[in-house]
Every structure is written in C-alpha cells, then in structure tokens.
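If you want the building blocks of each chain, they are given just below.
There are 2 protein chains.
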Amino acid sequence: MDKKVINYQKILLSFLHEEAESKTIPDIDFQVIEDIRNNHFLLIENGWIEKRYFDAIVFHFQIKTGGKVWILANNTDVLVAEELVKRGIPSADIVLGFHAPSTRQYTGFAVA
Amino acid sequence: MDKKVINYQKILLSFLHEEAESKTIPDIDFQVIEDIRNNHFLLIENGWIEKRYFDAIVFHFQIKTGGKVWILANNTDVLVAEELVKRGIPSADIVLGFHAPSTRQYTGFAVA
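Going line by line, the protein sequences match chains G and A.
Residues in the first sequence are numbered from 1078 upward in steps of one, following our numbering.
Residues in the second sequence are numbered from 1078 upward in steps of one, following our numbering.
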C-alpha cells in the first residue's frame, strides 16, 4: 500500500474518531468502522432514541484505486470535504460521490 | 482471537459475499465491509436508482466480547438469524440487537 493511501487512512480515521467522541446521545453507540483491506471507513450510529431503533450511516468514505477519497455519505451538517482538505487531503483527491457524475465538475472537487 | 470468533467471522463474511453476489441492480454497488479489528461486518448498497442516490446498510453484524454475534441490521426479508444457525452459529450465540432488550427473551435467541 503506498504512503499516500496510508496517510489518507490515518486522516479519515482520526476525523471519524473525533466525530464519534464528540457525540453523546444516551443509548446511542457511535461506532467507527475501519476496513483496511477494502479501504472503507465509516461512522455508524446504533441504538435507541426513545422506542425507535437506529442503525444508520453517519459518514462513509472509500479510498478507491489511485488513492482518491470518495465521500459516499455525509448525513450531518459538517462540511466534510472542506474538513478533509484542512487535514491534508488535496481537493483533487476528493470525490463527492453523492453528487451525480454530470454535476461533479461544478463542485471544485475531483470528478472521479 | 479465539477459534470460535475466527469461525464466526468466516461464516458472516461468506454469507455477506454470497448475498452481495446474488444481487444485481444496475448502477448499484454492493460492498462487503470487513472490520476484523472491531469485528464489524456489513453489506452496504451504494449508487443510484434512477436519479436517487443510496448509501444504505443492508446487513450489519458485530461480534461482541464473549463471541456473541449481534444482528444490528437486516433490511431484507432474509430470515438471517435462522440462516446463521444453519451455517453453524448456535442460537445461544446470536442476539437480535434490533429487538428491545425487554422483548429479546421471547425471540428464542440470546438476550445479550
């Protein structure tokens, strides 16, 4: 695995752990998922709010071939792409996967 | 990591890979997530159905301390607990996490 990918893995995990630690909701467990082999990194919220059960994706990143970081889900109001740039991932290596391919050229981030 | 946990990891991953391979929806990517360190195993569907974007959990399992397999999400009509029993995980080691703790005693599976 190349150095760039290892560095991006560290940045994503450190962001996800900080997010997990900053959230406190009673009976909700914030779980950082790290799949080093397939390069998936997620934050999941699991548990109960009143009598309703949740098991939902908060953030989902994938580092794809070529070392691009795809933001596959962001179910928060955090400007996550900007946050990743601040932490050292250049915008040319970030893809907003939740935007349709045809509109990604207008985002200021990578198209793929 | 004990032998039982390694065996359960294999059973969960083989189930998830079979499920991923059995599903074919155009523009949808079925991703098996394997977090060996924290013992989380998921199937996620990612992509587009017509113009709607999806990044959603299909299945989510966690092997917790003591080697119990928690089913944290099953967003299908597969009877997944029964399927895991058929594949070799005894019902005493399966917890239906999406049932409230107070009702789990009636499920025929473990309470925790």
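Honestly, I wouldn't trust all of these hints.
Subject to a maximum C-alpha distance of 25 Å in a straight line, what follows is the list of computed DSS-like cross-link-like pairs (lysine-lysine) [unchecked claim]:
id, chain 1, residue 1, chain 2, residue 2
1, G, Lys1128, G, Lys1080
2, G, Lys1145, A, Lys1128
3, A, Lys1100, G, Lys1141
4, G, Lys1145, G, Lys1128
5, A, Lys1128, G, Lys1100
6, G, Lys1128, A, Lys1141
7, G, Lys1141, A, Lys1128
8, G, Lys1128, A, Lys1145
9, G, Lys1087, G, Lys1100
Derived by calculation from the structure, the hints in this document are not laboratory data.
The model shown is predicted, which means the values in this text are computed figures rather than measured ones.
Results of checking the hints against the structure:
no.: 1; hint: G:Lys1128 x G:Lys1080; in the structure: violated, 46 Å
no.: 2; hint: G:Lys1145 x A:Lys1128; in the structure: holds, 24 Å
no.: 3; hint: A:Lys1100 x G:Lys1141; in the structure: holds, 22 Å
no.: 4; hint: G:Lys1145 x G:Lys1128; in the structure: violated, 40 Å
no.: 5; hint: A:Lys1128 x G:Lys1100; in the structure: violated, 32 Å
no.: 6; hint: G:Lys1128 x A:Lys1141; in the structure: holds, 23 Å
no.: 7; hint: G:Lys1141 x A:Lys1128; in the structure: holds, 23 Å
no.: 8; hint: G:Lys1128 x A:Lys1145; in the structure: holds, 24 Å
no.: 9; hint: G:Lys1087 x G:Lys1100; in the structure: holds, 20 Å
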